[in-house]
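Take each chain as given, in its own frame, and dock them per the hints.
One-letter residues, chain by chain:
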Amino acid sequence: MSSSELRERMRLSEDHRDRILITPLINEDEQISKYGTIDLRLGREFETTILSSHRYTSPVKIDHDRRPARTYLTKMIDPYVLHTQEFVKAKTLEYVKLPNDVGARLSGRSSYAREGLMVHITADLIHPGSSNFIVLEMRNDGSVPLELYAGLRIAQLTFFQLGRGRTENDDDRNSGKEEGGYSSEESSKFTSIDTPYTGRIGDDVEAKILRRARNKSDLS
Amino acid sequence: MVTKQADDPLDHSFYIDIILANLADKVARYGLYVERIKKQALEERINPPILGTYDLHYKTLCERVGHLYEQRFLNEELLEDNSVVFDLLGSSAEIWYKFMRYNKGLTYAPTPWARPELFAIAEEFQKRNVNNPDLQNLTIVLTNEYRYSWLIDPPVDTDVGIVDDIRIVKLPKIEKDDPLLWVLLSHEIGHDIDHHLKISAVAERKQAIVEMKSKMDKPHILNDWIGEIFSDLYGLSVLGPSYYAAFLSHILALIPMDSPLRLRWNKYRSCQPPMAIRTRCMELALESADASGWKIDKLKYFVKTHEIIGRESRNYEDEVEFRKVMGFLTNTNKYKEESIDGICRSLFNAIRSSAEECEISLSFEGNEDNIMHNVNRLLISQPACTLAQDDESENLSEKPCDVATIVDAAWFCKAGYHPKEYTDFFRKCDDLSKDWDKPFEKIAEHLHNFDRLVLASLGIASVHTFYAEGMKKLEAEKGLKRN
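For the protein sequence lines, the chains are A and B, in the order given. With the numbering used here applied, the first sequence corresponds to residues 1 to 220, in that order. With the numbering used here applied, the second sequence corresponds to residues 1 to 483, in that order.
Simulated from the structure, these hints should not be mistaken for lab results. This one's a predicted model, so the numbers in the text were calculated from it and none came from an experiment. Any given hint could be a false lead.
Here are a few chain B residues that sit away from chain A, every Cβ distance over 10 Å (derived from the structure) [claimed, not checked]:
1) Glu94
2) Glu145
3) His250
Derived DSS-like pairs: lysine-lysine, alpha-carbon spacing no greater than 27 Å straight-line [to be verified]:
4) A:Lys75 - B:Lys127
5) B:Lys428 - B:Lys442
6) B:Lys127 - B:Lys38
7) B:Lys428 - A:Lys75
8) A:Lys75 - B:Lys39
9) B:Lys170 - B:Lys39
10) B:Lys206 - B:Lys176
11) A:Lys61 - B:Lys442
Just the calculated beta-carbon pair ranges, DEER-fashion [to be verified]:
12) B:Ser363 - A:Thr122: 52 to 60 Å
13) A:Glu30 - B:Asp369: 16 to 24 Å
14) B:Ser149 - A:Ser111: 47 to 55 Å
15) A:Arg11 - B:Thr53: 30 to 38 Å
16) A:Ala213 - B:Glu63: 32 to 40 Å
Every residue gets a Cβ at the ideal spot worked out from N, C-alpha and C, and that includes glycine.
So that you can see chain B by itself, here it is in the shape it has in the complex (with noise of 0.2 Å):
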């Protein structure tokens, strides 16, 4: 239940609106998708009737979003109002449901294959920090179902002698394009290399975890934490502040599906930690990486709105739940704040020298010269943007940019400027109830070129780095390996 304190307002306006930015996003993606599909049936000359049917399902999503952008600009001054907040939040699960049905439904559909970019970056994530030839690639599987997840199959327990495991990935399909969305890959490569290393055992053994794990009243759970945190802080290694940007957007488009605030503490399964936890461990990373360096405003825009959540999850209440199922049920009234920080920096701690002992670093570097120039160059691209140009932004003698700069790139630009611009397009609706599709439109011409602008910018990239520093490199350390 949301509780609102006096000295501490939860700005309601702000949270709504990231929620309906993604909601819009993902609906316009699906449309985008459709189009696609149908494109490629006429290619092939065929002309399903099911394509009638997506059609239809983007119609339906399009209204509803129309409705619930209505709604919460109908109601701008009662946002105060606890209730009509939940309406909101309760209308926008409903349309997420609806959404992930639907997606379901594509199943029929024609399936093209995942880009070649999508597998070069997958051996990328894999490689870029771990120095061992054992590892072999991974298949990755677009599906319909809307999650990212690594399993292997055979399952790990059963026992089928010579052959060989295969390790799969599964991404959702309607994603397949969106390059800023493959970022998310790189947590399921974490799961991966965690399982073929170890490194969630050996962190199992330090001496902080034991210690945890002796106050709880169930210690098997903090094992299964163990991996997800490395998976995250592997992300983190490999493609820096754009994976903690992306993991953010995902999550707080999905919290409606859940309860309205599943970063609280006390709110998780058992093989997931609560998101408190996580986005912490996040954050600790980018500390000790020194990320002073990486406080661009546009990575604000997100860093606010998990501050928001934060704030609102660190409620006195979820923090004696926690406790008492975490097993500290010492010392309640006695409220520290430092405590569940220091789960998170034990965590922190145990993972990273797990991950050295095991050779992996799970530190990353960056060229904020180089991420600056991207951004400029993303932002003068588009014309609805206006560029505040900084005097130091950008200079004519380029270093070749690898992966992760022109991603980190594209999440500032977005996270700064794109969810303001769905506002405004749906603002400038003066009747709300019809042509929806239009703005819809608008969002999806717009998503669809800045996509493929990066993938263009990651191609470039690979060219770039090949001239400029020879085929060794770009195998090496930049760029993509293969083309």
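Next up, chain A with everything else stripped away, as it sits in the complex (with noise of 0.2 Å):
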């Protein structure tokens, strides 16, 4: 999507569900590139695992509510210290809402990336439909620790178009039903405004079929 139809789509349009919702944004001219690309800030608040008292995660078990985990809030000009081969999870400042129609790609920022931040593990896309502050899996893999600071533009996403895909959901929107996309999706996982840190991967179908295969092997 290029940065026009990008702030287009930014703009007010009659039905609030066509609308790319990305808020606050404190410097719009600064944080739009020309490219179409959309810079995103580092939030306060910051998760780890204590690992002490964690022992190993498994589909089967369904403990990602009770996993420990410590939750840091950092203050505005103290920064938040990521060690080499650290990994923690953060959220963006920005709240994004995407319509059903419109899918993005989370990307780091070059200048970070060369210092040897990741701001994702693998997991770039964000579902046309989502609604949430998306959470950064971030890991240094450079040699030295890296100062992290609340509001730095750390990642930034880019925009696609669906095809298709917007047939479908004009048929939900035209025959009365909620809205569609991914937030509407029984399968969806993080359509919470509390966007949750951890994984659930418990949720899966699969790992439900195990964890019953698993409980009827335990009874016989």
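Right, here's the structure in full:
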């Protein structure tokens, strides 16, 4: 999606469901590039897992809400120091809501990438229709610790428009169903406003089948 | 006693729905709090048997509120009958007593500290309208009592030599993560400012108050009322209409605890003015601030309720009784509504001019565009809500929002949508006698998400202000002072 198309879709349209919402934009001109990408800022909240009391993660054990984790809330001008090979989860400052016909891809910014910073671990797709703060899975692969501050432009989004998918969503809308897209799918895991940091591998259908099978074998 | 006048019907169903929604709200929060305690216990690898008791309490409360909803819907056509209304109010009062008793039981649970944002907001409330370097930070204590209060330790009368006063604000522990009810903290901070700057003492010397006192049987009562009304006006000056909405929501929920109509003119304790006077004084402040710009539909939800109950409370017998207590024994047969409105005006003017003498402004400012932007944002991000988009309601050139703007927006959003959603949840239950915890889970999840969104917005506001206008601006006027 080009810069002008992006700006167009971010402007108010008659149907708010067609609109790309990214808020707050502290400096619109600075954050939207002429190539149609938009920079996202780092929020204040970081979460790490407490390794000493966490034995393993398993898709057949539903313990994702009870995994021991520590949340840090940084002060405005104090850094969070990401040490080498350390993994931390953080949220973007911006709340992103996509219409049902627009998806996005998350990527890092080259300046930070050259310092060894990764902002996601292979899951870079933001589904059409999703609405949330984006969780950054950050890791410092560089050889020196890195200071991170709230509000830094640390990642960027590129947008793409769906072709045929649009038709299905339109059908949903015309048939009077609830708004289509990612947020309305029963299988969607991260549609709550309160974006969870923890993964939901245990919510996959396959994991449920596995769990049932294991329970049966335990009983027999 | 509720008296219904032919030309002045009281919309019982509307009033009862608000009380039920508030009750459902509180019980859902209780459930959330119990969940949080259990999670903490798990992290610390403790499993006190008391946790099972809290679960049982929550289930009992859900069941009770469930039956109350059942009763309310089954009796939909019978709500014209006062006895049905009293049954419902009586049942809700009973649940309230139970809720408060269980709340005290939480004493034995692990007690996490208040969030840092709460302290930051308290500081913001304290210093926003008062430029006095002597004003020290308050100690905020979370308690198991369901009440908000300010106190000084040791008491003012005690001579303790060189030991400084410790000023404490007590908040109910169960509301520790609910940013919308932090609004009421501003009232307690008003008491602290009053204690520090002696605004009540200045107001007591005003001519209008002296004249009123000369006519009263119990003139000392008026002195005690001034502090309360000043604190209300201070809360309003810090937070604007959201203070009014939070206050009404809080007292409407608690009304069945006392009498069905604690808002009535003659219902007061010596230290607490009648609710009707408190709300009227706040309305005067809103009017004087040219609140026409604030008349957003969502707030009308609360205003309408107040009007309904206000109408009921202004019955003739009450007025006579009130005037007797106040000492205005003359002309009782020539009832004039202006006389009580006049009391409110005198109090309001005396307090406002006294505050000005002490260099405190009780006026408030707000940015309606920002409010509308935030209302929209809160609505858009909740899939259950539909958005009535207004062409001029949102634009991209954002200005940094302050705490008051975000909280205002959240209150309008809550006032307009949440109670209706709760009612719908319950209506959708085909069999009202079972699975009561399911609708409650939905309500609890909804509330939790909403609170998180408001909290996130407050955090974002501070970052936004810092980058848009710098640290000085952040510290001086807007956003959170500490993170």
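Hint check results:
Every C-beta of chain A lies more than 10 Å from that of Glu94 (chain B), the closest at about 33 Å, which supports listing it as non-interface. Every Cβ of chain A is farther than 10 Å from the Cβ of Glu145 (chain B); the closest lies at roughly 28 Å, confirming the non-interface assignment. The non-interface label for His250 (chain B) is consistent with chain A: the shortest C-beta to C-beta separation is roughly 24 Å, beyond 10 Å. Restraint check for Lys75 (chain A) and Lys127 (chain B): satisfied, since their Cα atoms lie roughly 20 Å apart, inside the 27 Å limit.
At most 27 Å may separate the alpha-carbon atoms for a hinted pair to count; Lys428 (chain B) and Lys442 (chain B) meet this at roughly 12 Å. This hinted pair does not check out: Lys127 (chain B) and Lys38 (chain B) have alpha carbons roughly 37 Å apart, beyond 27 Å. Distance hint between Lys428 (chain B) and Lys75 (chain A) is unfulfilled; the C-alpha atoms sit about 45 Å from each other, more than 27 Å. A threshold of 27 Å between alpha carbons decides the hint, and for Lys75 (chain A) with Lys39 (chain B) the separation of about 26 Å falls inside it, so the pair holds.
A C-alpha spacing of about 25 Å is found between Lys170 (chain B) and Lys39 (chain B), which places the hinted pair at or below 27 Å, so the restraint holds. Distance restraint check for Lys206 (chain B) and Lys176 (chain B): the Cα-Cα separation of roughly 39 Å exceeds the 27 Å cut-off, and the hinted pair is therefore not satisfied. Taking the CA atoms of Lys61 (chain A) and Lys442 (chain B), the gap is near 24 Å; set against the 27 Å cutoff, the hint holds. At about 55 Å, the beta-carbon gap between Ser363 (chain B) and Thr122 (chain A) stays in the expected band of 52 to 60 Å.
Between Glu30 (chain A) and Asp369 (chain B) the beta carbon distance is about 22 Å. The supplied range of 16 to 24 Å therefore holds. Taking the beta carbon of each, Ser149 (chain B) and Ser111 (chain A) are about 52 Å apart, inside 47 to 55 Å as hinted. The hinted window of 30 to 38 Å between Arg11 (chain A) and Thr53 (chain B) is violated, with their beta carbons roughly 55 Å apart. Between Ala213 (chain A) and Glu63 (chain B) the C-beta distance comes to about 36 Å, which sits within the given range of 32 to 40 Å.
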